[in-house]
Structure formats: structure tokens, C-alpha cells
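Asks: Sequence:
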Amino acid sequence: MQTRSPSREALVQEFLRLVDIVARLRGPDGCPWDKEQTQKSLTKYVLEEAFELAEAIDSGNQKHILDELGDYLFQVVLQAQVAQDENLFALTDILKNLSDKMIRRHPHVFGDVKAETSAEVLVNWAKIKAAEVEASPEPAKPFRLAKELRGFPALLTSYKIGKRSEDWKFDWDTPAQVEAKVTEEFREVQEAIAQKDPAAQLDEMGDLLFAVAQWARHLGIDPEAALRQGNLKFEKRFSVMIEHAKLTQDQFRALPLDEKEALWADAKKFVRKSATPT
Numbered sequence: 013m014q015t016r017s018p019s020r021e022a023l024v025q026e027f028l029r030l031v032d033i034v035a036r037l038r039g040p041d042g043c044p045w046d047k048e049q050t051q052k053s054l055t056k057y058v059l060e061e062a063f064e065l066a067e068a069i070d071s072g073n074q075k076h077i078l079d080e081l082g083d084y085l086f087q088v089v090l091q092a093q094v095a096q097d098e099n100l101f102a103l104t105d106i107l108k109n110l111s112d113k114m115i116r117r118h119p120h121v122f123g124d125v126k127a128e129t130s131a132e133v134l135v136n137w138a139k140i141k142a143a144e145v146e147a148s149p150e151p152a153k154p155f156r157l158a159k160e161l162r163g164f165p166a167l168l169t170s171y172k173i174g175k176r177s178e179d180w181k182f183d184w185d186t187p188a189q190v191e192a193k194v195t196e197e198f199r200e201v202q203e204a205i206a207q208k209d210p211a212a213q214l215d216e217m218g219d220l221l222f223a224v225a226q227w228a229r230h231l232g233i234d235p236e237a238a239l240r241q242g243n244l245k246f247e248k249r250f251s252v253m254i255e256h257a258k259l260t261q262d263q264f265r266a267l268p269l270d271e272k273e274a275l276w277a278d279a280k281k282f283v284r285k286s287a288t289p290t
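Each position in the sequence shown, counted from 1, maps to that position plus 12 in this note's numbering.
All the given hints hold, so there is nothing to weed out.
Label-pair ranges, simulated between beta-carbon atoms: (1) F264 - T195: 30 to 40 Å; (2) A138 - F250: 36 to 46 Å; (3) Q25 - D97: 18 to 28 Å.
The hints are simulated quantities; they were obtained by calculation from the structure and are not laboratory data.
Just so you know, even glycine gets a beta-carbon here, dropped at the ideal spot from N, CA and C.
Model the full structure from these sequences, guided by the hints.
Replies: Here's what the structure looks like:
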């Protein structure tokens, strides 16, 4: 695997090779599946590849990261080709728009603005982005706090909604206040369960999960990253448990709960021991 910086010639060569491959896939003698795709039909694959990339990054496996970055880049180039085929815009438009935007939003690098800390950079970024929206020729739309977050994972959307309401100074002051809200919402879930009201249970569970996302935000924790880590941890422990038990699914299902819990405890110990440096 090449680790040094590639030459500009090699970079251009490989990028254009990918562009040509995608164009051929969509061409008259190309792949039937690729030729049938539209912007909307590809949306689910864009999301899937983004999630798989995030999982690869969490794993730290550089081979997987390289592979998933490639899959995600393919989705970008494929979307560009679809747009070009429909005479909407071209890949060059995407690249120019992106480059112009990055230069415009980094005046401390490409201009005379001073920003010596990340906090100052973010303040400038928000101001520039707001000015871009105000200067946009598009007609004004009804205000929505999360209008462009459709398709995001629900937990990440909750986090971002909280960040935006914080910008409007509609937020809790301390993590302890959010913790109290989480406790309150938990009790309301319990009440809905006691009332045997499925609609209320769904509603209150949503409130509880939203409050947990805000609690994480106030603690400086990305709830989406935390949940991904929790998912990976459970999956690893469960896989180890089944591997060590050497049982079929039917055999495992038939075990008493206390035996399953004992196997789970052993798997937790094994995973922790394996992760401890020697």
C-alpha cells in the first residue's frame, strides 16, 4: 500500500480512470443495474456506505477504511454521472462549487481574516454560512430547525437539533438539568407501560431517547458514536459467547437463562482480557 503523497499526475490519472469507469457503467453498453439508477434510488446506498465507512473508522482497520472510502467515493461519482446524464449538472460543477466554498469558508487560510483557535474558526464558519443562506436567490421557506436532516440516523438528528436549539439559547444550562429531564422522561415511559397504552409508550420512549441524546451532548459525547461503540461491544461479546459455547442456535435457545448469563459473563471477561495490553 502506497503511503507517501502521490504525484499530481498519478492522482489525476486514477481519478479520471474512476470517472471513465462510471461513465462506461452508465453508457449504452454498460451495466443494466447502473443504467437504471436515479438520484433517489441511490440514496439508500449513499447512507449505507456512509455507515459502513463510519464503522470501519471506528474499528481502526486501515484496510477496511481504505476500502470503504473507495465505496463512498464511487457513490459520489455515480451520483454526478446520473446528474450529468439528466442534464442537471456535472462532476466539474461539484468540484468547482466545493473548492469555491472551502476557500470562501476558510478566509483565515486563503484571505486576511485572523482565526488562531478552532473556536474562532467555527464562529467565522457559522457567520459565513449564515451570510450565504441570506444571499441565496432561493425563495424563503418556512422555518424548520432540522429541515435538511431527513435521512440522517434518528439519534444523530436529535443531537443536531439540540445543537441548533442551543444556538437559539433554548437549552438546559448544565448536564445535571438534562439528567433530571432524562429521569422525568423515564418515569413517563413507565407510566405509559403501566397504562398499557402503545401509542403513549411510543411517544414517551421517543421523548426519553431525545433527552438521552441531549444529555450526551451536554457531557461532550457524540451519542451516535457512543451507540455505535455500544453496538460493536455487544456484537463482539455475543460473537465470542457463541464461539466459545460451540452450540447451534436451537441448542443455545434451549439453555436456561442462568446458563446464558454465565456464558455472557465469561465472554465479557475474555473480551476485556484480550483488549488489555500485555
